[in-house]
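Chemist: What follows is each chain in one-letter form.
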Amino acid sequence: MTVSTHRTAEQIGRTARGPRPVPPLGEQRASIQPETLDTVLDNGLRLLVVRQPAVPIVELRLRVPFGGTEPTHPARSEVLAETLLTGTARRSRVQVDTDLALVGGELGAGVDPERLSIGGNALASGLDRLLDVLADVLTGAVYADEEVARERDRLVERIALAGAQPGTIARKALQRRRYGDHPFAHEMPEAADVAQVTADQVRELHQKSLVPRGSAMVLVGDVDPQGARDLVNEALAGWQADHAATEMVPLPKVAGGDLLLVHRPGAVQSQLRLSAQAIPRTDPRYPALQLTNLIFGGYFSSRLVENIREDKGYTYHARSYLEFTPRAASLLVDADTASDVTAAALWETRYELGRLGLVPPTGDELESVRQYAIGSLLISTASQSGLASQLISLAGLGLDMDWLRGHPARLAAVTADDVADAALTFFAPSAFTGIVVGDADRLAVQLAAIGGVELR
Amino acid sequence: MPSPELHRYTLANGLRVVLAPDRTIPVVGVSVHYDVGFRSEPEGRTGFAHLFEHLMFQGSESLEKLAHFRHVQSSGGTFNGSTHPDYTDYFEILPSAAMERALFLEPDRMRAPRITEENLRNQIDVVKEEIRLNVLNRPYGGFPWITLPSVLYQTFPNAHNGYGDFTDLEQASLDDCASFFDTFYAPGNAVLTVCGDIEISSAEDLVQRHFGDVPARPVPVRPSFDEPRPTREVWAEEIDQHAPLPALAAGYRMPDPVAELDNYLAYVVLSSVLTDGDASRLQQRMVHKDALVSDLGTACGLFGSPLEARDPDTFTFTAWLTDSVSPDRVLGALDEELERLAARGPDADELARVTARWAAGVHRDNDRVISRTLGYGVLELLHGKPELAAELPARVARVTSEDVSAAAKSLRPDSRAVLLLKPADENLTEANPAGGAA
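Protein chains in written order, with this note's numbering: chain B, 3 to 458; chain L, 4 to 441.
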């Protein structure tokens, strides 16, 4: 290649001195405990403020439970999220963006079957402006007919785009497989439903559902908590409703069973998606489950990744993780693999699920994930945006900063027996259902041979 | 932002070091940037720089395969690496108790990576899965970063696919790896950055202890990758088997990011004026007023962020077209808006918006140790000046309306590359997410 003489790979990998010992860990300095405030405002909104002044920015998150059982709810709520920031009685769409930009700010809205989320940030000196725009939108969004019509058209196109993404196809199929027709399964509305949504329906949904009681807001940044509380209380004083926000109806438990093969003609890679029932963060067994999941497939040095990626090269992307809804949780296992090794990757995944319960993790495996869980919590909450996102998701479960502070101690207390119990309880292969998306013409014979897959 | 107290020096073996203490967080970021990216990989070996990045995680003299990952993660940390046109980075973010670990792991592979045939074959498989995931099996995979350069540029370093062709990847040999390492992975061709909860003198001691005896090796002379600009509008089309709607990208040459930084920043401001937020020119015109596109963006650099490459760098315009709209209409609207800006630059309010958002964006990047660490490393490597991180907001604020006008004027139709992505026959691409078949 570029030089005529070079060492061999063998020579490069050795030095005269030989291998060296890995240095031990030093002493960990504790995080500074930030000043926090957790209160309920006059309008019923729960507010958490954390002072974290590393940079002169403030991060804002607002979570409004946004459940609904009408078949048209997903389409209406998606159009609402897309048009919420497109103008108020006081501000045009352009003025909303201009006012935010002048304080270095931004706001965005998104919705899923559980909640409407508004997130943003600004220079801390512009918090009053950020709140003023937010309050204006919450109390005065006009949903102009032409904005609704245009965003509706864009949304139909975006649904088509998303529907071509293998990850989206797989998610939709998995949701249907594990939750049937429950509202949680309708994460993306049908294009035909979106096309029918009117501005009046969106305005009505806003009145009914975008309400403060039952909702939570988080501010993290270079702010004085009490001062920020007063600013929010005043700015959002006009955001009122006599009823509380709507929680999603409870989810059924995920039942184990065969995977469903979903045909995607011409696919060169398949999506494996498995799921089983788990427990929420409030369950005393949760810390053990968290660590057990890490050992299985929750980080790079896990059994699943070391097997199907680093040993066998079946995949670039494999992982397992927990998904939380307000009252429950589920366990998910994802892998994307080439068509010719899909069945083999599924076989190894099942093997690792079974092995986790039958050959419980060693002490080293447990200590590694314990340190990883404690350390990654430290790292993810060291930034304003990371802490804000962490707190808003805890707020949705009724948890708070104290839970976060106490979590390292709970992780430290988990024993090998706790992990062995969690492995056998939650990772049993028979507890999982799921889907395989791929080219059925290339997958069916092998999947039929290993069994446990419904070819239909 | 904590005013960064940067400490820069060079070890005897040529390794450049940037120390950036910030005692407000109990976390440390460690990164090593090597001055080699996919523009430097040899013909017939497309994708090799990225494949080699994978191999650097596969063990070194003191570390068995998988040990690197295990040591970082069992210390509570996270890691990754990435390959760019002009550099390859490796990094760890850890609780500060594990700083010395990272300062051990990086030099071990800088000194003596253990590259074996078995690991090479395994990682070729993994990289092919990565390409299937990110490119081949999804709509708009690699659009436009993989294909636009082949339209805008003529020479192999600038024009080829940095992810690589499967045939080239499969031919990679152990000898290619040894040659690549000995040529490009010398300590004098790298920058070490340590950022976060460190104390300068003890960090210096640890850096010397672990990196000091990595032997100096010759540093390759870096070639210029400059080439003539296009003298006409160059068009190309690609068919995407998975895409439901057409998409369009245009690429333009830009000023040299290093030699002409302030000129370059005028394009950064131009990009924001054009597409950053609902009040931006092209969002208003093409998305909201004329509804020509369902989404669009402009960017300095092929990967969405400015100042991550040397010359030549690319200004990109990307749009997802609504079904019935012709590419010519979209390009026509783009050219009209650029001509308007060329005739009369943005007003004071538009510039103030860009400046404030840029300043806030820099603060937010700085709040995350990972982006701060990598930012200092890149600026040291490409500009020899990590302090630029703190200077950039003020320099962006000094960009004038006339500067933006001049930048807009330079984005001429007759010197750009246009790439049109077309969906394949829809009957073949229709997926069936509801299940069934087979």
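Don't take every hint at face value.
Covered stretches of chain L (in silico footprint by chain B; criterion: 3 or more residues with CB under 8 Å from a CB of chain B, positions within the stretch not fixed) [what the hints assert, rightly or not]:
| # | stretch |
| --- | --- |
| 1 | 123-132 |
| 2 | 175-184 |
| 3 | 244-250 |
By construction, these hints were calculated from the structure, which means they are not laboratory data.
Even for Gly, the Cβ is constructed at its ideal location relative to N, Cα and C.
Chemist: Next, verify each hint and record whether it holds.
Modeler: Against the structure, the hints come out as follows:
1. 123-132: As far as the stretch 123-132 of chain L goes, the hint holds, because 9 residues have Cβ atoms under 8 Å from chain B.
2. 175-184: n = 8 at 8 Å, threshold three: holds.
3. 244-250: Coverage by chain B holds here, the residue count being 5 at a Cβ distance below 8 Å.
Hint violations for this structure: none, all hints satisfied.
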